[in-house]
Amino acid sequence: MSVMIGIEVHCQLNTASKLFCNSSSDHRGKMPNECTCPICLGFPGSKPVVNKRAIELGMMIALALKCKIAEKMFFSRKTYFYPDMSKNYQITQYEAPLAERGLFTLGENKIRIRRVHIEEDPARLIHVGGDITSAKYVLIDYNRSGIPLAEIVTEPDFTAPKEVRAFLEKMVNVLEHLGAYDSGKEATLRVDANISTDGGERVEVKNITGFENVEKALNYEIIRQSSMKRSGNVVVRETRHFDADTNTTKSLRKKEYEEDYGYIFDPDLPSVTISRAWLESVASSMPELPDQRIERFVRQYSIDEYTAMVIVYSDKRLADFFEECCARYNKPPTVSNWIVNYLLKSLNWRSERISQSKARPETFVELLQLIDEGKITDRFAKELIKEYVDTGISPRTLAQKEIVALSEKDLDEIIVKVLQANANAVEEYRNGKKESLQFLIGKVLSETRKQGNPKKIKDLIVKLMPR
Amino acid sequence: MDYWKIDKELINRIALISKLDLNESERMLFLKQLGDVLDTFKLIDEVDTDGLEPAFHPRIIENIWREDEASETAWDPLADVESKEEGYYKAPRIV
Amino acid sequence: MVSLIQSLVKLHLERLAAEDVKLDDFAPRVMEKARAIQQKYSPFITLDENLGSTNRNAQKLPFSVKDNICTNGLRTTAGSRILENYIPPFDATCVRQVKSAGGFVIGKTAMDEFGFGTFSTNCAYGAPKNPIDIQRVCGGSSGGAACVTAAADFPHIAIAQSTGGSITAPAAFTGTVGLTPTYGRVSRWGLIDYANSMDKIGVIGRCTYDAAFGFSLIAGHDPLDATSLNAPKLDYTKVLEKDIRHLRIGVPSEYFNADGVDPQVKKLVWDKITSLERFGATYEEISLPSTKYATAAYYLIALSEASTNLAKFCGLRYGIQGETEGNYENYFSSIRERGFGEEAKRRIVLGTYARMSGYRDAYYIKALKVRAKIIGEFRKAFDRVGAIATPSMPIFAPRFDEVAGLTPVQQYAMDIMTTAPNLAGLPTVSVPAGESGGLPAGVQFIGDYENEGTLLQLAAACEV
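Chains as they are written, first to last, in the numbering used here: chain G, 1 to 467; chain U, 1 to 95; chain B, 1 to 464.
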């Protein structure tokens, strides 16, 4: 079966204030409707003034997606009535968007970008007493109303849901590197996906949050559409809504009429001319993109490309974490090894991103320092990392009680006991079998619950061995 | 298509789009009156506007913006609203 | 030019400077007079009854404010039922400026709902009556503003507003002076939008001095309005003394020869223009051939914008509300049907139509191009002349029963003198040109961008 998917990504831009007013765009911990003013609530007499930073972030995104940036752009009013709309028109871009015709490389695939534009986010609706189709009424929180969004529209170049997911993951990584998007601020990224199977009608699934959900929604659609065709039904062109509880898509009630957005130029907002000089200054202030960063990691930290890719692509914050660790502990390959092989595992186990985790560079490097200092073994460190990620307590503190408990005298006693209990191995070692020494070290370590420096233990074993 | 012609179906569609619960006599009245108005407006068809850009404003105004600074507005947005619940606006359901 | 008309504002300012005004009962006495005017002519939607509770020493000069301009804490309805309970949480920039200069707002003046009218008869709260003859309309949409100005026997300036002629029309019908500034010269912050690319806040005064003084207070740049002009503040009362020698006035034949211009109006306006020759001004006939397209272009653009502006009124957040039963579409439709008057609905329908896909290019976009053409013709004209003179309105103030008999086509056609300069965002002033049968006619001068000074000089010369 052939599948064609195109998506629209709506990314909340990382600005301090909203797109057209001074209200804060960071509403973490705020009461509903606290981050509002007459402008983002569309009060009569209020007027929008555009946030320059939002335009510049949009320009950076367009540059990163290799788009052609408009010399002149303007904002339009898209008029339709909906309770999440403060003015019943959305200020967006229609005939003169910020940028068009870009390209995004995804492994072997090239995904064409149709356009990138800036628009305002509507308010957040809470459906009370049911879902969107069955609620008794809605509650509206306008804190989100007016937050700048970049809308990135692709051509229908995806042939499988997993490609879409991979695209989104890579795209977010780029957006975070640009500083255009900050997942840590509870900024959201919402996706509308258009999918058609075997040349059938296009079905739009709107407003999906979370990459996993995008993949699920599209997989569900493929199955739904093909089973419809199998049973002799025709897939109709419609808008559907993804229900994250059941992992299915539902048809939104068809309206008795087609919407007509009646776009006009927004006469409150002067047009924006993007001069070459402005574009160049934005381009030169652009932060490093993921691919550039990978190259630099290989060069600057002498780590292999694969490891660099794992770190950079998995999360921008993880790459930041890596660099901050290297600044404190100057053995980058060791740092990268511990991040890729152990830290990530612990994070994944907790389904956490580094930005949500209690792990901090300054405490994380203690783990590596403790190993160097011979205070703990590698193997113990691997155990400790779980507790560290769970609690955020510094490794030095965590290791402290164990280290104290394991005084030299205690270690001597353990070793003597192990040697007595493993007389055979001692005998074999004496007869020249080197492996037996490793065996004995292992035994000691299992008694110490993997504490102690193996080299030191080895020396003690040789010293304490009955002659 | 004669785009200067307005008919009943179009009036009905506009009423839906613009959320006006027009009654039947209003629909008939507007149909007649707007038909007459459009008859006089179609005069602009004859204006030669080749090479002219749409004038969105009387004069070109461009690149007016604000810096990205957040501030708080001291106000109660729900002060005059009857339909509210726990700091939220309460509104009719979607479907 | 020294005006022969005694300005009550100027006299009052001089007395204020000499500390010859008893401020502790000035505002209450003014309010008493305003209530008497309200009894007779109904120019107000809301009178500020709480004035007494504020600091009287700051209440030096009375202003009225058109009801589509927000006043903090004072009801602002834009002449519509849908906002009958709306108390703005902020002042419009012009109101803030007036207040900080010692002005105080006596009340909010009547208007056609959202500015939708030429006569101030599309009023949800009653139409103001013309003080010259209460059988006649005041003109619109700033009818209440002109009405108070004409009726007040106390110093007063009206803050008014025009989209397509809403200052010129009532000024002409009431024999007052109306100044419509260059688009962007006065901040629109706090103005409830009709057509944002044309809306201009201006002033109506008893005489040119009053208009010049009021305008000087409110003109200036405002970062809250992105379309606000970055031009310096000026004291326009100072320019009134300059003469108009060598000023070349263009007289466009299209305005005088248009259908339906009353011959008496034409004669009075011509006489007024020729009378300016004695001050050394000259006039010449010019041609603005696209004038006849202006009204269609104006309505198509204005209503496209207006129909989006009015979308926000739906019974949520502010304004009238109802029981939130049913779904949102039913709720919005019923609130809007109840809250909007007939003309507002008519304009929403026409404006929605003009921007619908399939029609948009032929209506909205085409009209914007016609606008470009009209602007171009004015630009060319101002290469030759310093100002353009036309009748303010094609007719004298009609009686209410005459207006009631007009179809929308006939009503819209009345805007022929004002739509073109408003489309072009050019400043205009309307000043009395004389009377016929006790009814005033107005002459309208159109100036180049930011050239309000010349217009005020011409207006002052008309008062000599």
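These are computed hints drawn from the structure, not numbers from a lab. Keep in mind it's a predicted model, so treat the numbers as computed, not measured. Keep in mind that the hints are not guaranteed to be accurate.
[Claimed, not checked] The list that follows gives simulated cross-link-like pairs (lysine-lysine, DSSO-like), each with its CA atoms no further than 30 Å apart: (1) Lys-136(G) - Lys-206(G); (2) Lys-5(U) - Lys-42(U); (3) Lys-30(G) - Lys-84(U); (4) Lys-32(U) - Lys-78(G); (5) Lys-72(G) - Lys-380(B); (6) Lys-110(G) - Lys-136(G); (7) Lys-90(U) - Lys-136(G); (8) Lys-345(G) - Lys-358(G); (9) Lys-78(G) - Lys-90(U); (10) Lys-443(G) - Lys-463(G); (11) Lys-42(U) - Lys-250(G); (12) Lys-369(B) - Lys-68(G); (13) Lys-238(B) - Lys-22(B); (14) Lys-136(G) - Lys-78(G); (15) Lys-162(G) - Lys-32(U); (16) Lys-292(B) - Lys-5(U); (17) Lys-66(G) - Lys-110(G).
Hints and how they fare:
Taking the CA atoms of Lys-136(G) and Lys-206(G), the gap is about 22 Å. The hint holds against a cut of 30 Å. For the hint linking Lys-5(U) to Lys-42(U), the alpha-carbon distance of about 10 Å falls within 30 Å, and the restraint holds. Of the supplied pair hints, the one linking Lys-30(G) and Lys-84(U) holds, its CA atoms being roughly 17 Å apart against a limit of 30 Å. Taken as a hint, the Lys-32(U) and Lys-78(G) pair is honoured in the structure, with Cα atoms around 28 Å apart against an allowance of 30 Å.
With a CA separation close to 27 Å, the supplied pair Lys-72(G) and Lys-380(B) stays within the 30 Å bound. Distance check on the hinted pair: Lys-110(G) and Lys-136(G) sit about 45 Å apart at the alpha-carbon level, beyond 30 Å; violated. At most 30 Å may separate the alpha-carbon atoms for a hinted pair to count; Lys-90(U) and Lys-136(G) meet this at roughly 11 Å. Distance hint between Lys-345(G) and Lys-358(G) is fulfilled; the C-alpha atoms sit about 14 Å from each other, no more than 30 Å.
Using a Cα cut-off of 30 Å, the hinted pair Lys-78(G) and Lys-90(U) holds, with the two alpha carbons roughly 24 Å apart. In summary, the hint linking Lys-443(G) to Lys-463(G) is supported, as the alpha carbons are separated by about 16 Å, within the 30 Å threshold. The suggested pairing of Lys-42(U) with Lys-250(G) is violated, with an alpha-carbon distance near 45 Å, which exceeds 30 Å. Our distance criterion of 30 Å between C-alpha atoms is met by Lys-369(B) and Lys-68(G), whose separation comes to about 27 Å.
Of the supplied pair hints, the one linking Lys-238(B) and Lys-22(B) holds, its CA atoms being roughly 27 Å apart against a limit of 30 Å. A hinted pair counts as satisfied when its Cα atoms are at most 30 Å apart, and Lys-136(G) with Lys-78(G) qualifies at roughly 27 Å. With a CA separation close to 56 Å, the supplied pair Lys-162(G) and Lys-32(U) exceeds the 30 Å bound. Between Lys-292(B) and Lys-5(U), the direct Cα distance comes to roughly 21 Å. Compliance with the 30 Å bound is thereby established for this hinted pair.
At roughly 12 Å between alpha-carbon atoms, Lys-66(G) and Lys-110(G) fall within 30 Å of each other, so this suggested pair holds.
Hints 6, 11 and 15, counting from the list given before, are not met by this structure.
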